[in-house]
Amino acid sequence: MTARVLIHLPAKALRGEVIQIKTLIAHAMESGFRVGTNGNPIPRDIITLFTCRYNGEEIFRAELSPAIASNPFLSFFTTARESGTLEFHWSGDNGFVATETAAITVE
Amino acid sequence: MSADPAPLPAGRRSFLIRSGQWAAGAAIVSLLPASLGRASPQAMQELIRSIVGEATLQPGKVRLDVPPLVENGNTVPLTVSVDSAITEADHVKAIHIVNEKNPQPHVISVTLGPRAGKAQLSIRIKLADSQQVTAIAEMSNGSFWSGSADVVVTLAACVEDLK
Chain A
1 MTARVLIHLP AKALRGEVIQ IKTLIAHAME SGFRVGTNGN PIPRDIITLF
51 TCRYNGEEIF RAELSPAIAS NPFLSFFTTA RESGTLEFHW SGDNGFVATE
101 TAAITVE
Chain B
1001 MSADPAPLPA GRRSFLIRSG QWAAGAAIVS LLPASLGRAS PQAMQELIRS
1051 IVGEATLQPG KVRLDVPPLV ENGNTVPLTV SVDSAITEAD HVKAIHIVNE
1101 KNPQPHVISV TLGPRAGKAQ LSIRIKLADS QQVTAIAEMS NGSFWSGSAD
1151 VVVTLAACVE DLK
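Chain order of the listed sequences is A and B.
Quick note on our numbering: the first sequence kicks off at 1 and runs consecutively.
Quick note on our numbering: the second sequence kicks off at 1001 and runs consecutively.
Worth double-checking, as some hints may not be accurate.
Claimed, not checked - With a cut-off of at most 27 angstroms between alpha-carbon atoms, the simulated DSS-like pairs for lysine-lysine come out as follows:
1) B:Lys-1118 / A:Lys-12
2) B:Lys-1061 / A:Lys-22
3) B:Lys-1061 / B:Lys-1118
4) B:Lys-1118 / A:Lys-22
5) A:Lys-22 / A:Lys-12
6) B:Lys-1093 / A:Lys-22
7) B:Lys-1093 / B:Lys-1061
8) B:Lys-1118 / B:Lys-1093
What the hints contain is simulated information worked out from the structure, not anything from laboratory work.
Could you put together the complete structure from these sequences and hints?
Right under this line is the structure:
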C-alpha cells in the first residue's frame, strides 16, 4: 500500500539558512483504544517512527505514539548546508513503510 | 447476627461462593474499560522519571503553543519551541511530549541535533480530556527543561466510542 505524502520545503536556500520542512502523510493512526460497532476493540495501527536524512545524515527522528492525530503532520527545521536530497521515511505497525525524497538547491 | 452462625447447607454455600466469584468477575470486566481509557498523572510522572533519569527537571526554556480551548480533541495543533543556542557544543538533543489523561502518557519523542538550526517542532495530537500537556527538552549538556500548557477539550478523542 502506498500512502499519500505531502512534503513542503523551499526549493532554494542560502548556505547556512534555517529552513522549515513540513510533512504530512495519509494514515489512520488507529489508536487501539477505540471499540468498533460490533463491540470488539479496533486493533492498533499507527506509524511508530519517522526519520529525515539530509544527504544520508540523519537530521531528525520522531518516535510516535497513538496520541498523534490521524494523517500525522510534522514540521521541523534544519540548516541548509549543501545541495542534495532529503529522504523522508515512515514506518509503523503491520509492516507499514513509506519513503519520499525531495531535492534542495543551496547557493 | 449470632456469634456462632450455623453452617450453611452445602448447596446454598456453594451458590454463595459461586455468586461471589461471578461478582468479582463482573467487577473486573467493568473495570477494564476504565483502565483501558485513562492514564493518570502518576503514569505521566513515571514516564517523566524514565526520560529524565537521575537528572533534575528544571522549569523553563520550553514553550508550548496550543489553543487554550479546543473543540475537537482528535486534532489539536501543538508547537513546542525550546529557547537554546544551536551549536555543536550546545544544542537541544531531544524533545519529549507527555500528557496526563490520554490512555497512554507518551505523545512523541523527537531527536534533534546541532544541524537543526532551530529547536522547534509542530505536530497535531489527540487529547482524550481537558488536561495539562508537558514538553521536556534534553540539552546536549545533560540538563532537562520542561514547560506545560493547559488545554480545555470540548469534544474528546478516543473515549467517545468506549461508552
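Would you list, in rising numerical order, the hints stated earlier that this structure does not obey?
The structure breaks none of the hints.
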